[in-house]
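Protein chains in written order, with our numbering: chain A, 1 to 333; chain B, 1 to 464.
Be careful, since some hints might not be right.
Claimed, not checked - Straight line, CA to CA, 30 Å or less: simulated DSSO-like cross-link-like pairs of lysine-lysine:
id, chain 1, residue 1, chain 2, residue 2
1, B, Lys396, A, Lys227
2, A, Lys73, B, Lys68
3, B, Lys360, B, Lys321
4, A, Lys281, B, Lys397
5, A, Lys227, B, Lys397
6, B, Lys26, B, Lys428
7, A, Lys227, B, Lys360
8, B, Lys5, A, Lys227
9, A, Lys227, B, Lys11
10, B, Lys360, B, Lys68
11, B, Lys68, A, Lys281
12, A, Lys227, B, Lys321
Stated by the list, open to error - Here are some, though not all, of the chain A residues that point toward chain B, as calculated from beta-carbon distances under 8 Å:
id, residue
13, Ala22
14, Pro49
15, Asn76
16, Asp80
17, Leu81
18, Val117
19, Phe118
20, Pro125
21, Gln326
22, Pro327
23, Arg328
What the hints assert, rightly or not - Pulled from the structure, derived: some chain A residues nowhere near chain B, Cβ distances all over 10 Å:
id, residue
24, Ile27
25, Ala40
26, Gly122
27, Lys149
28, Tyr151
29, Leu218
30, Phe242
31, Val274
32, Leu284
33, Pro304
What the hints contain is simulated information worked out from the structure, not anything from laboratory work.
Backbone N, C-alpha and C define an ideal beta-carbon position, used for all residues, glycine too.
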Amino acid sequence: MKPKDTAEHYILSSSPHTHSHASVSRIMLDVIVALLPTTAAGIWFFGMPAVWTIATCVSTCLVTEAVCRLAMKRDNTIGDLSAVVTGLLLALNLPAGIPLWMAVVGSVFAIFIAKQVFGGLGMNPFNPALAARAFMLISFTGPMTTWLKPYWWRTPEAVTTATPLATMKTWFVAEATASATPPGLCNHACTGFPSLWQMAIGEMPGCIGEVSAIALALGAIYLLWRKVITWHIPVIFLATVFAYSLISGGAPAMAQVLTGGVMIGACFMATDYVTSPTTAKGKLIFGFGCGLLCMLIRQFGGYPEGCSFAILIMNAVCPLINRWTQPRPFGAR
Amino acid sequence: MKTVKSAFKFKGGVHPDYNKELARDKAIERMPVPAELVISMSQHLGAPAKCIVKPGDYVVRGQLIGEKNGFISVPVYASASGLGQLIGEKNGFISVPVYASASGLVKAVEPRLGAAGGKAPAVILDTTAAPNSVNDGQSISESGESGEKREITLKPLDWKTATKEELLKRVEEAGICGMGGAGFPTSVKLNPPPQKRCEYLILNGAECEPYLTADCRLMIERADRIRVGVEIMRKVLGGPAVRIAIEANKPEAIAAMEKAFADIEGNVEIVVLPVLYPQGSEKHQIYATVGRIVPEPPALPCVVENVGTVAAIADAVEKGKILLSRVTTVSGDAVVEPKNIEAPLGTKYADLVAFCGGAKEPPAKVLSGGTMMGFAVSTLEIGTTKTTSGLLLLSKKRVVQYTSQACINCGRCLRACPMLLNPAEISKAVEANDIKSAEPRKPRRPRPRRSEECPLNEQPTANN
């Protein structure tokens, strides 16, 4: 008798047999899309050096990823786009005028040391882009703190300048030494200090992708809408920075939020899945810790900017936070 | 009787593609007896029934072919029941009898593949054979409802005058087990230990599995049977409050039940549940309807019963009908005409598909049950059982095949998990062969004690 069914043709798998179509690649693509506005803003303000830095970082990260996987005899994972995200994030956290070979070194560090050595995507304890940035800041302190002026090509006589944060750092010092000038009122009067509007659109010196708060906010809204990130970390991070600066004095609170790496840190770096807590409660603690550490470093630390170090420190604490905030199973007492 | 909205929302849950519109408006059709039936001895939770017929025997529809059998040596908690009876120890035997769902000649008694993948003894029945002997012992009615000449039925009971014991015995004799999917022996569920009083009888009409519409049609078309079943169960359980749980995406079913229960006395409410998978999960349904969380091990004064089972109880008591058929949704985008079919138990999947006009294209995947908890099967030669709620034929474009990527801790599984577990961490621990990490460390912060078989675990992302 001829068999009626075609047994061997049916696909067998365990349940569920339906899928939400979320995937690592799709999530990474969403992050890339969300970073486009700030990438564009960075190129707008800093010109071709920004383009070269971004291209160098992204391509180096992809090549390093492919080479690492080949050397480890594992599947090629450049298709998951995580290396593109790392490269792009690293570039956006570098000054536009950085020598390109340094960008190459930083990118190799990000993928090889900070990611693949630990076992690749999902296993890295620290955000690879931030780890590389910290590494570069320590190794190449000079170039890493030399900032191009926005539209530097219009003023060829002086293309580099100090960031607003460096200026604000002096206000903290001024306040600590009971200077006669109330720093909060300095605002527009101070030479070269950008107005709030300039800070919001990003017309100020800084890393390529950190300057435009509006572009970053657009990206963050996109990620929230796509449900890639939840509100917890960015909102608590920014709120903590804001509240701290209100209490501590020094620069105006809005300036603290809008300058430096706080916006890109809160929206794109601290929300990195791999290195941030998975539970809502954990995310609140994480966001608060990032904001607090960032402000403590800004006020008391040796560097004018503390955002990347704050996030890296919280990355290290993340497994602990995860342990503390494990959900209690439904029905368990 | 009143209709209320669910006041309690459990955490987690997902919204899969429901695709219920395929079969939602198809009235239940009774399928003629196919030429061959494959009647499994394992249609319920517990030990398979013991087959008492042999090849060459002629059996009459409704004749006992599988005796209640089996001994469970380890104490098994009734996870299917909120009351938390200790089965096994108390009853010793937990099994459900199996009856011939059509008259015919026993061709073979052999192990056959079941939907879940394991083999169990099954009776292969040739229903086209002529009777070669006449069985006696039980009353044989000359006009079976299925159009057959001979059918064994039980004596109809008047539930108003029958005792609790008579009713329980009837439920047991009629071979009724939970028809929602678990197949828990209903007579055991309805007979909690004497010191435990049942406060709530919850009717599970959530039907949260995608594609399935059998329960929905049953509530629309046989609301009166369900009402009788509720009254019988209420009597057996000592008058608990009744909650009828229906997901909000079944307005017709809600209306039909409202009509049927309009004049019922006592504490009866229809609870409209928001559409969210898994509203039909017993623990989550108890929480959604009465706001109580089932502890571990389960012990709550609630009995949850599927609406199909309740209708079967009404038929068994009032009409003396043995459970010989059930409504199965045959659906999926590869079926010519999706239908809700009442077919004799043991109808082969191939015959169900043929009754729906066949397949539009060769299905890529065949599921017994819904897309969330159903089983992918390798053949259409499997017979339906008391728990076959659906048969889905999915085309290639409906089947997602993927290679899992690395877990990136996105947390989607945590947000989706209705049991409030941390699937990512469990998965990583298991992959690292570190079972201990997947278990609780301290009572203060318990980790999963038993990971329920969970479809959501793999649902949200490539992280599985």
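Now for the hints, and whether the structure bears them out:
A hinted pair counts as satisfied when its Cα atoms are at most 30 Å apart, and B:Lys396 with A:Lys227 qualifies at roughly 28 Å. Restraint check for A:Lys73 and B:Lys68: not satisfied, since their Cα atoms lie roughly 57 Å apart, outside the 30 Å limit. Between the alpha carbons of B:Lys360 and B:Lys321 the distance comes to roughly 36 Å, so the proposed pair goes past 30 Å and is violated. Straight-line distance between C-alpha atoms of A:Lys281 and B:Lys397 comes to about 39 Å, which puts the hinted pair past the 30 Å bound.
For the suggested pair A:Lys227 and B:Lys397, the alpha carbons sit about 25 Å apart, so the restraint of at most 30 Å is met. Between B:Lys26 and B:Lys428 the CA atoms are separated by roughly 44 Å; this puts the pair beyond 30 Å, and the hint is violated. A threshold of 30 Å between alpha carbons decides the hint, and for A:Lys227 with B:Lys360 the separation of about 37 Å lies outside it, so the pair is violated. Proximity of B:Lys5 to A:Lys227 is assessed by CA-CA distance (about 28 Å); at most 30 Å being required, the pair is judged to hold.
This hinted pair checks out: A:Lys227 and B:Lys11 have alpha carbons roughly 17 Å apart, not beyond 30 Å. Of the supplied pair hints, the one linking B:Lys360 and B:Lys68 is violated, its CA atoms being roughly 41 Å apart against a limit of 30 Å. Between the alpha carbons of B:Lys68 and A:Lys281 the distance comes to roughly 51 Å, so the proposed pair goes past 30 Å and is violated. Straight-line distance between C-alpha atoms of A:Lys227 and B:Lys321 comes to about 52 Å, which puts the hinted pair past the 30 Å bound.
Here the hint on A:Ala22 is kept, as its CB sits about 4 Å from the closest CB of chain B, short of 8 Å. Given the 8 Å rule on beta carbons, the hint for A:Pro49 is violated: about 32 Å separates it from the nearest Cβ of chain B. At about 12 Å, the closest approach between the beta carbon of A:Asn76 and any beta carbon in chain B exceeds 8 Å, and the interface hint on this residue is violated. With a least beta-carbon distance of about 6 Å to chain B, the hint placing A:Asp80 at the interface is held under the 8 Å criterion.
The interface hint given for A:Leu81 is violated, since its Cβ lies 11 Å from the closest Cβ of chain B, which is over the 8 Å cut-off. Violation of the interface hint for A:Val117 is found here, the shortest Cβ-Cβ separation to chain B being roughly 15 Å, above the 8 Å cut-off. Because the beta carbon of A:Phe118 sits about 12 Å from the nearest beta carbon in chain B, more than 8 Å, this interface hint is broken. Among the interface hints, the one on A:Pro125 is violated; its C-beta lies about 11 Å from the nearest C-beta in chain B, farther than the 8 Å criterion.
Because the closest C-beta pair between A:Gln326 and chain B is about 6 Å apart, less than 8 Å, the hint holds. For the restraint placing A:Pro327 at the interface with chain B, the shortest Cβ-Cβ distance is roughly 4 Å, inside the 8 Å limit, so the hint holds. Taking 8 Å as the C-beta contact cut-off toward chain B, the hint placing A:Arg328 at the interface holds, the least distance being around 6 Å. Not every beta carbon of chain B lies more than 10 Å from that of A:Ile27, the smallest distance being close to 7 Å; the non-interface claim is violated.
The beta carbon of A:Ala40 sits about 26 Å from the closest Cβ of chain B, which is more than 10 Å, so the claim that it is off the interface holds. Residue-level check failed: A:Gly122 sits 4 Å from the nearest beta carbon of chain B, not beyond 10 Å. Once the 10 Å rule is applied to beta carbons, A:Lys149 is consistent with being away from chain B; the minimum gap is 38 Å. Every beta carbon of chain B lies more than 10 Å from that of A:Tyr151, the smallest distance being close to 38 Å; the non-interface claim holds.
Look at A:Leu218: its CB is around 22 Å from the nearest CB on chain B, clear of 10 Å, so calling it non-interface holds up. The Cβ of A:Phe242 lies farther than 10 Å from every Cβ of chain B, with a closest approach of about 26 Å, so its non-interface assignment holds. A:Val274, annotated as away from the interface, has a beta carbon of chain B within 10 Å; the closest lies near 5 Å. Separation of A:Leu284 from chain B is adequate, the least Cβ-Cβ distance of about 13 Å exceeding the 10 Å criterion.
At roughly 32 Å, the least C-beta separation between A:Pro304 and chain B is larger than 10 Å, which holds for a residue marked as non-interface.
Checked against the numbered hints above, the structure violates hints 2, 3, 4, 6, 7, 10, 11, 12, 14, 15, 17, 18, 19, 20, 24, 26 and 31; every other hint is satisfied.
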